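One-letter residues, chain by chain:
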Amino acid sequence: MSSYVRTRLTLAIPVLLGVSIAVFAMLRLLPGDPAQIMLAESGASAERVAALRQQLGLDDPLPVQYGRFLMGALRGDLGRSILSNRPVTQEIAGQLPSTIELTLAAMAVAIGIGVPLGLLAATHHNGPLDLGAMALALGGVSMPSFWLGVLLILLFSLRLGWLPATGQGGIERLILPAFTLGFGAAAIIARLVRSSVLEVLRHEYVTTARAKGLSPRVVLLRHALKNALIPVVTIVGLQFGALLAGTVVIETVFSRPGVGRMVVNAILVKDFPVAQGAILIIATTYVLANLIVDLLYAWLDPRVRYG
Amino acid sequence: MSAETDVRLPAVDASRESIRSSSQAREVWGRILRNRGAVVGMAFLALLIVSAILAPLVAPADPLGVVPTNAQRPPGAEAWLGADHLGRDILSRLLYGARISLTLGLISVSIAAICGTILGLVAGYYGGRVDLAIGVLIDVMLAFPGILLALGIVTVLRPGIVNAMVAVGIAAIPTYSRLIRGSVLTAKANLYVEAARVVGCQTPRILWLHILPNVLAPLIVLATLGAAQAILAGAALSFLGLGAQPPTPEWGIMLSEGRRYIRDAWWNSMFPGLAIMVTVLAINLLGDGLRDALDPRLK
Chain U
1 MSSYVRTRLT LAIPVLLGVS IAVFAMLRLL PGDPAQIMLA ESGASAERVA
51 ALRQQLGLDD PLPVQYGRFL MGALRGDLGR SILSNRPVTQ EIAGQLPSTI
101 ELTLAAMAVA IGIGVPLGLL AATHHNGPLD LGAMALALGG VSMPSFWLGV
151 LLILLFSLRL GWLPATGQGG IERLILPAFT LGFGAAAIIA RLVRSSVLEV
201 LRHEYVTTAR AKGLSPRVVL LRHALKNALI PVVTIVGLQF GALLAGTVVI
251 ETVFSRPGVG RMVVNAILVK DFPVAQGAIL IIATTYVLAN LIVDLLYAWL
301 DPRVRYG
Chain P
1 MSAETDVRLP AVDASRESIR SSSQAREVWG RILRNRGAVV GMAFLALLIV
51 SAILAPLVAP ADPLGVVPTN AQRPPGAEAW LGADHLGRDI LSRLLYGARI
101 SLTLGLISVS IAAICGTILG LVAGYYGGRV DLAIGVLIDV MLAFPGILLA
151 LGIVTVLRPG IVNAMVAVGI AAIPTYSRLI RGSVLTAKAN LYVEAARVVG
201 CQTPRILWLH ILPNVLAPLI VLATLGAAQA ILAGAALSFL GLGAQPPTPE
251 WGIMLSEGRR YIRDAWWNSM FPGLAIMVTV LAINLLGDGL RDALDPRLK
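First to last, the sequence lines map onto chains U and P. According to my numbering, the residues represented by the first sequence are 1 to 307, in order. According to my numbering, the residues represented by the second sequence are 1 to 299, in order.
Chain P extracted, bound-state conformation (with noise of 0.2 Å):
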């Protein structure tokens, strides 16, 4: 019988929950095509996304190509944002570095939201001496600053980019699983949570199923607040010598490269924070717009 029950009611509630949930999309959707500033976020990423997936196609010039005859070459026709200290040019490595920030984001994003994620659900939903084991690991993690937990991480793992975007992501976990777990609190109260439960459903299934879904939108706001984040971190543990390496073109190294030369070449460090500062402008406002489409509480 509760068998019987538990495949037919989820079949009837799948066909209903699909009508809902593709209009809550497109409800959601138009919010956010009313947000300008949502808009303006998401235009400018689109247009990074596109440039970094064509850098080899748009990028003028060998990203690593050291021509010493353009040394410290100020902007202009030949080299649109001038060149560097080895003549490379700094268009080209800022589209290629557009690569490595981006990338840097989503993974850090996906360990953070991933981990922060199951260790939230775990946490909310047996509670007991599994939420306290998890909250004291949690409240741990939290009594690292900022940045710190990332540099004893990167300690650790070497120095290097793809350590950087390791640490960046663990370092980013307490804040998900807080999320998650406050959410998991409130959603597992509710009477389908229990009716799921009575028609024999494990707890995986209700988990995955029936509340997952309800923490969802808080978790895509702050995935996409948090990428802006892990790009400054990244960008940061580079500029300190213990993320991306010479000669990689990533924008936090290459700041910190041109910040010598500042005096004489200030496009050096200028433009690479400039890029750093407008994707997560860019970020930052596609994700306030989020918020406000999603779950205008957390306006």
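Next comes chain U alone, as it looks inside the complex (with noise of 0.2 Å):
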């Protein structure tokens, strides 16, 4: 386990590499001088502009600027935002609680409907019961988050005054989002699930489970779930890195403070220190989160690590 342990962290530096270097790249990429770029709208003189080139050190040479940006990133100094002249990292963690937070919830949400309802649609194969909740996840999949946002919000804080629209703070405020974002990603879950179990159902040890007089719950329970869910664990890691993502829209829904709204903010005021940081710290975080996915399963599934 320890050498496989040891491929894996050797792999992922590479990747964290160019993650870096493709982050690094988005400001140079920009057609024209990023400093202008930056600055046009609010109008700066050349002096301002030259003060930001500087600053960014955007006249060296690019591997000097990339060392630069590689070494700082490494220290946790992200550069300073364009807007606010605070450091980018105090900006990022300001906002990263709340993100991850509605990123786990989301999370509890994909699992908890996910599951049970790839659960049910395999133990009714084929059945009235299995065509709903494959009907269901098919929708799932098929319904932009950001609409499903706006259809709660309608119904749950405007016609019956449930629960906040908008918003942070207390877990009536984490509710719709929270569900919004687990939604799609419940649907994912729920398919593979499905199709997991009813793969594990056809082996023979499940057969002679049966034979052995089991109950069909115990036989499913016990026998089939422990190793249908073992592939379930590296589509959830993967959700975990689309619902990161997935906070960039539904955050804007929400008005909720956050990583993803402050990319997209950042976008459009052309703050691109912040909007590079965040969008390196996303990718980092996606990263290690499925560098620990990769881990978990060589751990529960033994054949992986041997391989």
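Keep in mind the hints are simulated off the structure, nothing from the lab. Each hint should be verified, as a subset may be incorrect.
What the hints assert, rightly or not - Computed Cβ-Cβ distance ranges for the label pairs, DEER-style:
#1 P:194 - U:199: 27 to 35 Å
#2 P:67 - U:32: 37 to 45 Å
#3 U:131 - P:46: 24 to 32 Å
#4 U:288 - P:60: 47 to 55 Å
#5 P:74 - U:55: 52 to 60 Å
#6 U:129 - P:197: 46 to 54 Å
#7 U:297 - P:67: 53 to 61 Å
To be verified - Residues from chain U that keep clear of chain P, each with C-beta distances beyond 12 Å, as calculated:
#8 45
#9 55
#10 72
#11 105
As the structure is a prediction and not an experimental result, all values here were calculated from the model. Just so it is clear, CB atoms sit at the ideal spot from N, CA and C, and this is done for glycine as well.
Two chains, two separate frames, one set of hints: put the complex together.
What follows is the structure, encoded as structure tokens:
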């Protein structure tokens, strides 16, 4: 297991380096002078543009700029916001807890709905419950999350007045955004759980368990589910990244503070250091989450680490 | 000798292949027609495409025409799906918006499929360092989840509908590349590829004529399902203000503008959202049907 961990950790390094190069390149690939583009709308003087060029180190050769960017990122220094002049790391640190809270809550919704729905469909294979569950799942993957959010606000906030529509703080402000963000992922998990359980139920050890006279419930929960959920771990890990990125839209729909909304605002007002920093943080979190999932998968299924 | 063989064998093979292909196509078509979901999806998409093409003829009003007296008119006989805050007819805007969403799906998928297929073919066929280099590039792209890569690309290219199409397309390249690479690794181990190499076929010819046809089925399925994802991602970018810009009649931006009036004029955001969902659902149904018909192993 330790050699597998070493290999996976080693493989993650070039990917993280590649991510840092891609994020670094964002600013440098802008058509024209990045400093001028960022300050264009404020009508800044030539001196101010020159000062920003100096601050961003845009006059240095690219390898020097990248080296400084990478070393800064490793020390937690991602530059300063053009708008607020505060350190980008400080800006992100202020918003990150809210985004993580929303992502984890959405993940709980996705697993809480997706796994039971998939099990229900698999245990009633080709029956009306299976068809209903899969129709719901197909609806879930086809529905734009931002529309679902608007519908939920209309129903639960404006019509029924049960839950607040916007803002942050308290579980009541988390329910609607978490459900909106988690519903699509729940649909994907449900489809996978269904096919995974159906696959496992065809195995001989399940037939043996049935032949021993065990009840269908015990066969499913004690024998089939454990193995069927192994591939689900992978998709749940991948969904974590998708949910983290999904906060970009959901935080905007619910006017909720967070890193996702921060990225969109930063792009719209051309505060590129903030956009760069936030994208770097989300991508790095995603890579690390995938790494943890890979290690967890190898721990759960020995065939992976010895394969 | 090898050149002669190269000329004659494919000629004979080609006629046999065309007979086999046409009977296979008939079989696949039959399977699609037996799938109720796929037929419903296909029928809806056909209707949507015709409506989008004929929008100037069938739309009841000018999609950009501001009519202050019609502002926030609810759905009724005069405006079937109501009018927005500027009095613009929502049905007309949806019909014109279908052109943008369908084009977005088509262009994004074309970019992703063409680039992803070339990268996957080259990586899978050549292997070694080429595969490693492309693999690292793809891994880095995959490190940006969901819409985030598209956001990064839009940052560089500037917000706009064309740039959103390009961004969504580029962001989807890794999925195609991975799929094609895997299929190529399987296909290139086949004897006929070895035979083509032995009789002197050039690598591009081998890739184009002998390997690509073998990976077409999963590619078609992925492209169909990918179009649904592209339409969703494009609408999301427009919703965020990073795709189509006002007053373009695009579904995502219509929904975004409409949500400001959700309390009193629900139809502003209800119908654009419904249009996105039903279109994506229809493509997903067709994609699922195609997958079952073309490659039952992917079921």
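Structure-based check of all given hints:
A C-beta distance of roughly 34 Å is found between residue 194 (chain P) and residue 199 (chain U), which places it inside the suggested range of 27 to 35 Å. Under the hint 37 to 45 Å, the C-beta atoms of residue 67 (chain P) and residue 32 (chain U), about 40 Å apart, fit the expected range. In this structure, residue 131 (chain U) and residue 46 (chain P) meet the distance hint of 24 to 32 Å, their C-beta atoms being roughly 25 Å apart. Here the CB-CB span from residue 288 (chain U) to residue 60 (chain P) is close to 53 Å, well matched to the stated 47 to 55 Å.
A beta carbon spacing of about 53 Å between residue 74 (chain P) and residue 55 (chain U) agrees with the range 52 to 60 Å that was offered as a hint. Checking the proposed 46 to 54 Å range against residue 129 (chain U) and residue 197 (chain P) shows it holds: the Cβ atoms sit about 53 Å from each other. In this structure, residue 297 (chain U) and residue 67 (chain P) meet the distance hint of 53 to 61 Å, their C-beta atoms being roughly 59 Å apart. Once the 12 Å rule is applied to beta carbons, residue 45 (chain U) is consistent with being away from chain P; the minimum gap is 24 Å.
The claim that residue 55 (chain U) lies off the interface holds: its Cβ sits roughly 19 Å from the closest Cβ of chain P, which is beyond the 12 Å cut-off. Here residue 72 (chain U) stays apart from chain P, with its beta-carbon at least about 19 Å from theirs, past the 12 Å limit. For residue 105 (chain U), the non-interface assignment is confirmed: its Cβ lies about 18 Å from the closest Cβ of chain P, beyond the 12 Å cut-off.
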